[in-house]
Amino acid sequence: MKVRDFEHNGTRYEIHVYTYGNGMMHISFLRNGEILETCITLPEIDLDMVIPQLEDSIREAV
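Read in order, the letters of the sequence shown are residues 1277 to 1338 in my numbering.
Derived from the structure by calculation, the hints contain no laboratory data. Remember, it's a predicted structure, so these values are computed and weren't measured experimentally. Possibly wrong hints are sitting among the right ones.
Computed cross-link-like contacts, EDC-like style, restricted to lysine to aspartate or glutamate with a CA-CA straight-line distance of at most 20 Å [unchecked claim]:
{"hint": "1", "residue 1": "Lys-1278", "residue 2": "Glu-1313"}
{"hint": "2", "residue 1": "Lys-1278", "residue 2": "Glu-1320"}
{"hint": "3", "residue 1": "Lys-1278", "residue 2": "Asp-1332"}
{"hint": "4", "residue 1": "Lys-1278", "residue 2": "Glu-1310"}
{"hint": "5", "residue 1": "Lys-1278", "residue 2": "Glu-1290"}
{"hint": "6", "residue 1": "Lys-1278", "residue 2": "Asp-1322"}
{"hint": "7", "residue 1": "Lys-1278", "residue 2": "Asp-1324"}
{"hint": "8", "residue 1": "Lys-1278", "residue 2": "Glu-1331"}
Distance ranges between label pairs, derived from CB positions [unchecked claim]:
{"hint": "9", "residue 1": "Asn-1298", "residue 2": "Arg-1335", "range": "30 to 38 Å"}
{"hint": "10", "residue 1": "Pro-1319", "residue 2": "Asn-1285", "range": "27 to 35 Å"}
{"hint": "11", "residue 1": "Thr-1287", "residue 2": "Ile-1316", "range": "14 to 22 Å"}
{"hint": "12", "residue 1": "Cys-1315", "residue 2": "Thr-1287", "range": "13 to 21 Å"}
{"hint": "13", "residue 1": "Met-1325", "residue 2": "Ser-1304", "range": "13 to 21 Å"}
{"hint": "14", "residue 1": "His-1284", "residue 2": "Cys-1315", "range": "26 to 34 Å"}
{"hint": "15", "residue 1": "Val-1338", "residue 2": "Gly-1297", "range": "26 to 34 Å"}
For glycine and all other residues, C-beta sits at the position ideal for the given N, C-alpha and C.
Take these sequences, add in the hints, and give me the full structure.
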(Lines of atoms letter the chains of each structure in order from A and count residues from 1; the text may use other names and numbers.)
(Lines give C-alpha, C1' and ligand atoms only; values in the text may rest on other atoms or scores of the structure.)
Protein backbone atom coordinates (compact mmCIF):
# COMPACT_ATOMS: atom_id res chain seq x y z
CA MET A 1 0.00 0.00 0.00
CA LYS A 2 1.33 3.46 -0.85
CA VAL A 3 1.49 5.48 2.33
CA ARG A 4 3.27 8.62 1.21
CA ASP A 5 4.24 10.39 -1.97
CA PHE A 6 6.10 13.66 -2.33
CA GLU A 7 8.20 15.65 -4.74
CA HIS A 8 11.74 16.86 -4.09
CA ASN A 9 13.89 18.78 -6.59
CA GLY A 10 11.53 17.84 -9.41
CA THR A 11 11.67 14.12 -8.63
CA ARG A 12 8.64 12.14 -7.45
CA TYR A 13 9.15 9.77 -4.51
CA GLU A 14 6.81 7.19 -3.00
CA ILE A 15 7.00 5.13 0.16
CA HIS A 16 5.13 1.81 0.06
CA VAL A 17 4.56 -0.44 3.08
CA TYR A 18 3.55 -4.10 2.95
CA THR A 19 2.63 -6.08 6.06
CA TYR A 20 3.08 -9.83 6.12
CA GLY A 21 0.62 -10.61 8.92
CA ASN A 22 3.34 -12.24 11.01
CA GLY A 23 4.40 -9.05 12.78
CA MET A 24 6.83 -8.06 10.02
CA MET A 25 6.57 -5.31 7.42
CA HIS A 26 8.47 -4.36 4.27
CA ILE A 27 9.10 -0.75 3.23
CA SER A 28 9.96 0.07 -0.39
CA PHE A 29 11.07 3.40 -1.83
CA LEU A 30 10.23 4.44 -5.39
CA ARG A 31 11.75 7.26 -7.42
CA ASN A 32 9.71 8.33 -10.45
CA GLY A 33 7.89 4.99 -10.29
CA GLU A 34 11.07 2.86 -10.16
CA ILE A 35 11.87 0.85 -7.04
CA LEU A 36 15.09 1.97 -5.41
CA GLU A 37 17.45 -0.69 -4.12
CA THR A 38 16.89 0.49 -0.57
CA CYS A 39 14.15 -1.66 0.97
CA ILE A 40 13.69 -2.48 4.62
CA THR A 41 12.08 -5.46 6.34
CA LEU A 42 11.45 -4.97 10.03
CA PRO A 43 8.98 -5.63 12.82
CA GLU A 44 5.72 -3.70 12.49
CA ILE A 45 6.11 -0.17 13.82
CA ASP A 46 4.04 2.97 14.24
CA LEU A 47 3.94 4.31 10.68
CA ASP A 48 2.63 7.72 11.73
CA MET A 49 5.88 8.22 13.61
CA VAL A 50 8.32 6.62 11.14
CA ILE A 51 7.08 7.69 7.67
CA PRO A 52 7.85 11.41 8.18
CA GLN A 53 11.37 10.45 9.33
CA LEU A 54 11.87 8.28 6.24
CA GLU A 55 10.69 11.12 4.01
CA ASP A 56 13.17 13.48 5.67
CA SER A 57 15.97 10.93 5.20
CA ILE A 58 15.21 10.64 1.48
CA ARG A 59 15.23 14.42 1.11
CA GLU A 60 18.63 14.63 2.84
CA ALA A 61 20.13 11.79 0.79
CA VAL A 62 19.38 13.27 -2.63
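Here is how each hint holds up against the structure:
no., hint, verdict
1, Lys-1278 with Glu-1313, "17 Å, holds"
2, Lys-1278 with Glu-1320, "16 Å, holds"
3, Lys-1278 with Asp-1332, "17 Å, holds"
4, Lys-1278 with Glu-1310, "13 Å, holds"
5, Lys-1278 with Glu-1290, "7 Å, holds"
6, Lys-1278 with Asp-1322, "15 Å, holds"
7, Lys-1278 with Asp-1324, "13 Å, holds"
8, Lys-1278 with Glu-1331, "13 Å, holds"
9, Asn-1298 with Arg-1335: 30 to 38 Å, "32 Å, holds"
10, Pro-1319 with Asn-1285: 27 to 35 Å, "32 Å, holds"
11, Thr-1287 with Ile-1316: 14 to 22 Å, "20 Å, holds"
12, Cys-1315 with Thr-1287: 13 to 21 Å, "18 Å, holds"
13, Met-1325 with Ser-1304: 13 to 21 Å, "19 Å, holds"
14, His-1284 with Cys-1315: 26 to 34 Å, "19 Å, violated"
15, Val-1338 with Gly-1297: 26 to 34 Å, "33 Å, holds"
Taken one by one, the earlier hints fail for this structure only at number 14.
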